[in-house]
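K.L.:
In case you want the letters, here they are:
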Amino acid sequence: MEHRNSHPREMRRSERVWAYAALLVMLVLVLAAPLGLAMAQEAPAGAAVEYRDVPGIGSRNLIWIVAQQHLLLAGFVLGVPIFAWVCEIVGVRTKDPRYDKLAKEFTKLLTSAYATTALFGGILLFLLIGLYPKLMNYLTDVFFPSFLVYSALFLLETATLYLYWYGWDAMQGRKKGMHLFLGFLLNVFALFIMIVPNSWATFQTSPVVITESSMWAKAWAATWNPTWWPLNVHRLIANVVLGGFLCGAYAGLKYLMTTSQEERVHYDWMGYVGNFIGVFGMLPLPFAGYWLMREVYQYNQQMGITLMGGFLSWLFILQAMLIGILFLGANYYFWLGIMYRIPGSEPKYRRPILIMLVILLVCLGIWMTPHSLVASLEEARKMGGTHHPLLGVFGVMSAKMTVANLMILVTFMSFIMYWRAGKQETAAWAKAAKAVMGVILGLAAIVIVVLGVWGYFVPAITRIDKFSTTQVLIVLFVLLTVTPLTGLLMKSAKTTTEMVWGVMPARAGYALVLNAVMVILLMTLMGYARSSSRVHWHIYGVMQDTSPYAYSPALGYAAAFMSLNTFLFCLMVAFIFWVASLGGEKKPQQKETRVPVVGAGPVPVVRQ
Amino acid sequence: MPEEKSLLRLVVTKGILGAVIAVVVFVAAKLMHFPPVFQIMFMLYVLLGTIVYILLDAPALPSFTGAKAIAALVAFYALVSGAFIAGANVLPQYDPSVEKGKIDKIVKPKLAMTEKGKVDELLKRSEELNARSQAIMKRLETIGGAEVKSIAASTGSTGGAAAAKSAGGGGDLIALGKDQYELQECYNCHKIGGKGSVKKRGPILDNIGNLMKPEELKEKLLNPRAWMAEGFDKEYAKKLMPDKYKELMADQEVDALIAYLSSLKDTSVETPKPIKK
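Quick note, the sequences are listed as chains W and R, same order.
Adding 9 to a residue's 1-based position in the first sequence gives its number in this note's numbering.
Adding 55 to a residue's 1-based position in the second sequence gives its number in this note's numbering.
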């Protein structure tokens, strides 16, 4: 393990470089927009303007960037309060002050992230009004009452956030209940702040017939459209996942950059909690996505076909790749935890880890198999058609749902393994409980596979409505039975090896960063899918897009844009983290030799 | 904490094992006639697994500070996003110009048919007339009355030519129907002449003209539940044809599409038999 000593200023300098880089990029972005707009073509005076363009970058691309940044920031701002509030409750219940500290640290991030999110929301609104006036006029006509509701919710959310953050220290002890209630309110308002604009976006995808009625009735009818609730649920879960993995990445970065052992211990633990919340949020996410897609199909088959069978279908292979890497990254982090945090447990778990790795890779391979192949004539002849006997089987939804469920089970197993490592069960019923858990897990895996295979021989409607739902319920059943059972077992278990925090290798930090990047890329990819599924419609079947950018960009081009958006968002988050760190409490002077290194292993603190 | 091994030793021991498995997988895939892209993909999965397994035991990374640390993280991101962009580019690419062409064919005529389209057209024409009358007035003022007759004649002749042009539409109905087949993206589910969906979502249509009468085809198009193809009737709830064409297509477009489908009479291609529901 390599590390070298240097001056404390070194670390601050690296933080400053980060911040300046982020600030510079944001400044360029903010300045570029008005400069571009100044060059935009103007319509003749008096004529109704339907679109305005921005030379160079193009109006669509500019909106794409700003909307994506706003959406990702919003996901973070809405996901983190859930995360913080849950941590605070856990802190109160367990009386472990680390959880309260963690919750407070993330709420501190919220204050600066909240302002940046609102800023991007404002920029997005101005750009939409300026560049897409026809669409905005229509949406305003339909949704004006919900604009008012949205503004009111913003006021309430802001006030609650201020009270929640600034009242943290004042509302300790007997007033903690009041603080928790504020956290609850914060999340309720945040939920509504998310679902109101979701109605605008989903109305564009699945508009309903709006009869001439009162302003409020019209807005309500448009809000309650077929994909509104599926998207609400999907985004709510996705925000928790994003919040969890971003917090994990924050902890990972801090862990990599700090040289104080005390901080390493704290950020190692924080990274674990972030990854844990991200993973647990991720488990039900595929089901929410499945529900959304099902609603899309039911609303309009053509749109469903465009997504799953038409020109957008290949992006789901890309989605499989990202989800597969995310599952691998999350499991890898758990495995590293077993090997490094619980000394001596590595030999015991080496074989199960290898087995789980193989299962994950096989599942990834199946998930990434397309239903149809671009095969040459010769290849097709060899295979006896364009459907290879095996590939054709793996390419359909039945196989994909099965492997998604198996990957979730494997990830859950990794967590349980991590939980049990270094402990010896002492309860008299431990043996029976372990046998029951083994049977539950084994049976669940078998039934999931059987249902997946059976799914080929029943009508699709049976598979979708019954088999897939049963597979999901089985996984939930496993989660809801094995978790409390393990919890009970661990309560009376004897600790054979104490868990050591702050000794994880640097690659654990990189794994946390990788997980966050994967989640952000996934969100940008699915945003592209949802938006492109409308093809040349602003509002599907109601208002056509007659701008020069009505077409959908190709996948390769879009991927480059997604990558750029992810990079910009990471820069912004780095800036927010840095801003938040400026407001931190000043630490007492430590007489320690700090070693400012990134990528180093555990660093012993040398006291002088 | 596990015993730290040298990276070289890890790569040699686990890497060799991974390489052996990769070769076995590659050969097995080849023997089972998997397409080359999958033979490579299977090898890549093994490679990925080997890397993850090596990384579990890998020694600590070298230390970076300041700008180097930032460069390391940016390089890490560049690697990840590079793989992502490369993956997206390797997949079959959708050509946006195809959609642009469709938009021109679908959106513009429909826009012209709407009230707004008509208003736009009238506005455009009135602007043209206005510009022309101003030009005439200008010329009248400068040249004098002798020119009026010729200007009036030229204006009249231009209008006549335009009218003649607009009247001269028509064209081959089957060709128009083929156009509709493309525009409505029927190829997403069906196949004609070996081109189109390979997902078996809908039946092959090469010989549909011999199997269904035009009025039956029209009934199927406007009411998809009325007819099902043999082999597609069991899972019809999922594979049901979209029922939007009644609203989406104009009568002339439906007629053109039916004319095209009725012309498909290639008996050499096995086409599923239609079943009346």
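The hints are simulated quantities; they were obtained by calculation from the structure and are not laboratory data.
One or more hints might be untrue.
Here are the simulated BS3-like pairs of lysine-lysine, each with C-alpha atoms no more than 25 Å apart in a straight line [claimed, not checked]: (1) LYS332/R - LYS143/W; (2) LYS193/R - LYS233/R; (3) LYS160/R - LYS332/R; (4) LYS357/W - LYS69/R; (5) LYS263/W - LYS69/R.
So the derived list for chain W, only partly shown, Cβ under 8 Å to chain R, looks like this [unchecked claim]: (6) PRO106; (7) LEU366; (8) ALA441; (9) ALA444; (10) LEU530; (11) GLY565.
Glycine included, each C-beta is placed from N, C-alpha and C at the ideal position.
K.L.:
Using the nearest Cβ pair, does ALA441/W come within less than 8 Å of chain R?
P.N.:
violated (33 Å)
K.L.:
Does LYS193/R pair with LYS233/R here, judged by a C-alpha cut-off of 25 Å?
P.N.:
violated (50 Å)
K.L.:
Does the nearest C-beta of chain R fall within a distance shorter than 8 Å of the C-beta of LEU530/W?
P.N.:
holds (6 Å)
K.L.:
Let's test the interface hint: is any C-beta of chain R closer than 8 Å to that of ALA444/W?
P.N.:
violated (29 Å)
K.L.:
Hint PRO106/W vs chain R: min CB-CB distance below 8 Å?
P.N.:
At about 27 Å, which exceeds the 8 Å cut-off, the nearest Cβ of chain R leaves the hint on PRO106/W violated.
K.L.:
Does the alpha-carbon distance linking LYS160/R and LYS332/R stay inside the 25 Å limit?
P.N.:
Roughly 34 Å separates the two Cα atoms, so the pair is violated.
K.L.:
Just to be careful, I want the Cα atoms of LYS332/R and LYS143/W compared with a cutoff of 25 Å; is the pair within it?
P.N.:
violated (45 Å)
K.L.:
Given the hint that LYS263/W pairs with LYS69/R, test it: the Cα-Cα distance must not exceed 25 Å.
P.N.:
violated (32 Å)
K.L.:
Have a go at the GLY565/W hint: is there a Cβ in chain R nearer than 8 Å to its own Cβ?
P.N.:
It holds, given that the least Cβ distance between GLY565/W and chain R is near 4 Å, below 8 Å.
K.L.:
Next item in the hint list is LEU366/W. Is there a CB on chain R closer than 8 Å to its CB?
P.N.:
Holds, because the Cβ-Cβ distance from LEU366/W to chain R comes to roughly 6 Å (cut-off 8 Å).
K.L.:
With a cut-off of 25 Å on the C-alpha distance, tell me whether LYS357/W and LYS69/R pass.
P.N.:
With a Cα-Cα distance of about 19 Å, the restraint between LYS357/W and LYS69/R holds, given a limit of 25 Å.
Hint check: violations occur at hints 1, 2, 3, 5, 6, 8, 9; the rest are consistent with the structure.
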